[in-house]
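Novice: These protein sequence lines map, in sequence, to chains A and B. Its first residue numbered 1, the first sequence is counted upward by one per residue in this note's numbering. Its first residue numbered 1001, the second sequence is counted upward by one per residue in this note's numbering.
Simulated from the structure, these hints should not be mistaken for lab results. For each residue, glycine too, the CB sits at the ideal point set by N, CA and C. Any given hint could turn out to be false.
Okay, the calculated beta carbon distance ranges per label pair [claimed, not checked]:
no. : chain 1 : residue 1 : chain 2 : residue 2 : range
1   : A       : Leu357    : B       : Pro1036   : 31 to 39 angstroms
2   : B       : Glu1519   : A       : Ser50     : 32 to 40 angstroms
3   : A       : Pro518    : B       : Glu1519   : 41 to 49 angstroms
4   : A       : Glu519    : B       : Pro1112   : 37 to 45 angstroms
5   : B       : Lys1045   : A       : Leu357    : 45 to 53 angstroms
6   : B       : Glu1440   : A       : Ala339    : 47 to 55 angstroms
7   : B       : Glu1430   : A       : Arg144    : 30 to 38 angstroms
8   : B       : Leu1065   : A       : Ala339    : 53 to 61 angstroms
9   : A       : Glu433    : B       : Gly1447   : 33 to 41 angstroms
Protein chains: 2
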Amino acid sequence: MPKEKFALGIDFGTESGRVVAIRVRDGEEIAAAVVPYPDGVLDEKLPGGSKLEPDWALQNPRDYLLVVEKGVPKVLKAARIKPEDVVGIGTDFTASSPLPAKSDGTPLCCLPQYRKQPHAWVKIWKHHAAQPEANRINEVGRARNEEFIRIYGGKYSSEWFFSKLLQVLDEAPEIYDATDKFMEGADWIVWQLTGQERRNTCTAGYKAMWVKGQGFPSREFFRALHPRMENVIEEKVGNAYYALGEKAGGLTPFWAKKTGLQAGTPVSIGNVDAHVAVPACTVTQPGSLVMIMGTSICHMVLGTEKRMVEGMCGTVEDGIVPGLWGFEAGQSAVGDIFAWFFEHGVPDYIHREARKLKIPHLAALEKRAAALKPGESGLLALDWWNGNRSILVDVDLTGMLVGLTLATRAEEIYRALIEATAFGTRQIIEAFESKGIRVEHLVACGGLPEKNQLLMQIYADVTGRDIKLAERLQTCSALGSAMHGAVAAGRAAGGYDSIFEAAEHMAHVQKLTYRPRPEHHEVDNRLFQEYQTLHDYFGRGTNDVMKRLKGLKHEQTA
Amino acid sequence: MPKEKFALGIDFGTESGRVVAIRVRDGEEIAAAVVPYPDGVLDEKLPGGSKLEPDWALQNPRDYLLVVEKGVPKVLKAARIKPEDVVGIGTDFTASSPLPAKSDGTPLCCLPQYRKQPHAWVKIWKHHAAQPEANRINEVGRARNEEFIRIYGGKYSSEWFFSKLLQVLDEAPEIYDATDKFMEGADWIVWQLTGQERRNTCTAGYKAMWVKGQGFPSREFFRALHPRMENVIEEKVGNAYYALGEKAGGLTPFWAKKTGLQAGTPVSIGNVDAHVAVPACTVTQPGSLVMIMGTSICHMVLGTEKRMVEGMCGTVEDGIVPGLWGFEAGQSAVGDIFAWFFEHGVPDYIHREARKLKIPHLAALEKRAAALKPGESGLLALDWWNGNRSILVDVDLTGMLVGLTLATRAEEIYRALIEATAFGTRQIIEAFESKGIRVEHLVACGGLPEKNQLLMQIYADVTGRDIKLAERLQTCSALGSAMHGAVAAGRAAGGYDSIFEAAEHMAHVQKLTYRPRPEHHEVDNRLFQEYQTLHDYFGRGTNDVMKRLKGLKHEQTA
């Protein structure tokens, strides 16, 4: 039997980074370490004390380095892995998380003269202060009929790369001027580890308007956005992008020493946390929809042809696996809606019952909700507590609940909320299928599936599709990164030659499958028709009451 | 100074009867007694043990007699009133509360051979088992274009007289045959006290299709309803109806002895609890809307001309005070919606705050809700938790809540529910005014106003009208009955010659007036526009989702 080989995956998250050591032969996780970011999310003030405006969310890039420095040795030690048995390293990142850097890679926020300037730091996905810039981008993009408007389902987000870059230029032109490289954290960390500035096609395609074979929008577009941005690509962003699973370079001697790994260990091109999870969920072919289910849901599916689907988050060739189109959609609140209900909607009698049965109150609620048949509550909700991402792409939509009577009980509302989020997913599936992108079954990962059997069963009933669960629900991204590390190494060096091969060996789903119950599915079909009618009435401009109420709310709280 | 005179009012309610002694000069309540009905509401089984079907609600007529027998002596004693100083007695009743009786007035349920037959008892307003009969009445009424369809705003209720009579005939023809008199409890009690069978125009007009100057629908109508009902009016109902405030007769020697009153003491024609409250709220002229605010709201207003207003509960000439048209509308759930929310929607943090502040949790909720500006929550509700009475007359409509976000809090929902019921009242006011029936200010009585300052202020803000409160919020009906007792006596006998005169002296409102706040009214106008759009969308057939959800619920629970 040959000696075991391992790949490392490093998943850079919102509050911490996770390092895993994965056995290349079968994907077994041998060891893992989580390293919290000392500075966490900076959303009130900078480490130096400078106050931040509302809606800001930053990170300190030094924290990323700390994850590598502390996490890798810990994992190697725990797994008793020798450095020579690590075939490769892969990384993934939250996105879009751009940072301004000097030409040598030094982030501006690490230079004393820029330390107190918020725009010198990494802006993470939660940073929502670039909405005016996003609005301008969409306005100009639509007026010029730019391709990216279609790629992104009609709207470019304030969370994404160029919204944040434009905000720097708008609000801190001196930082813009001082920036030599404006780049994703995903690419910056790979540059640090390998000394090679090799940017990845996934973040560029899903967050930065980059299109395979075409590159970025034209100079004219950027000039229309801001006269000083005309040459932004050449000057600060770059035109060279590298495919997922390619080797970015070998680990530098500096980082080899820091981590205890061998210098030259292959490091793959960076990736996005959501997208890297897809092959880790065993999905490398069309027909399966991956749902990363947590506070929100990210939906990803592969297709053989370019299709413009309503309300997608992104449509990127080779964006998830090579040779296929990667389609991404999303629901902006799912677990968040349930958390809202647990906090604001659970009455005394549920707490009393929970105490009596000696179970958590959420379990008491779920027990009652599970005893209901679909349609039995007479309730129907629109799941827009945090707006609608796909397919309407409208942050100003809000939640709705209809069918309330004097007999309505808390568990009925809870079940209606679960159903509503399942209808939201079905709406996305139908948008895919209406454009010929097959969705035959679903694979779930993330934090929600393992705690919520009722939820998963309802998703199966509502969508009429089998749902499988990833083997390691909560660490798919880290596994996916390790898989890409193995691919960067290649078969000759103990890894794999493609992500397809890697997925075949390293990715697994659980035995448990949630299957739709036909009698429930039939009733859910009727409820879904009602959902669609209300979805279009409130969501497509027949009655913009949600927006007017939100506008009035802002007036009254201004 | 002349010797003080007194009038007695007896208010027959749902669970008990109330007797009050009122000073004729100024309406001061000198004493009161509440006598609970020993049998209460019979909704599960008869006193003999026979089980009742769901939706049944009966009373025992012996309980009414007990109220007189026990309550009157108690009040006389407490008030130290001499029998000769009682000028008259008035009564009011819940309606429609029909009972089947023999020709001598004996209720069938008091005869041993009928005691076990549920149809032999009094069916009260809560009895909802005659819906199939109400449906048939409406079908036949509409096909024949009967006047009563218009009088009752498009729909005759299952709660009313002929629905219940037809149910007897449908389900217990032997009881129908044995019945010599089918009559309202309101008229039966007056018959008992005076020996005179004199039925009142108020119950007849609001509940039994009777129209002043025209009487009942034709024999053809009743034959179309059921062949055996052709001559129901002549055979079992009677054609003679007496105006409110008229003297029905003098107290019989039997009842004089039982109560300690003088034989021959004038007893006025019976009345309905809601309608008799109107003059007791000081309202005897057009322009003021009386709201009896409790679990539901009953709205009453006077007008000089016959008008057919959408969704009225009734339109009756002289139905409230002589010489004017009495219009009645209603909201089927108001206090009931808040009670629902207190039970099912109040989360832990409200309870915790209440404990901290050492106040009831409802007070904690109200305190937070009162701190909000209109529109600040971003929420809007349709107040149809128990269907919509006026103006849509549709029991199958349900509640709706829109504008929910992850930031929505319990007190915001509570306030939105209050606002929704206020919008429901405003919708009724606008229906009145659209037909030229003036509503210049509001007078409230009932159980809700005194506990809920926020509620009353929101009603003033939403309707843009001053609201006054009756002096005795919860005993208006008993006071109104006493006023009618004084009118039955007449001025010469120490009472008054008209209800106008009686109201001038005996009825009062509190000093406190809720006045609309212009800056709130302006915002509420905008919210009300949104309410109206959704009201029509969900309530007038554009999208019958509420009915389909209710239908599905019934299928799933059948």
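Novice: Find the hints from earlier in the document that the structure breaks and name them by number, from lowest to highest.
Specialist: 3, 4, 5, 7 and 9
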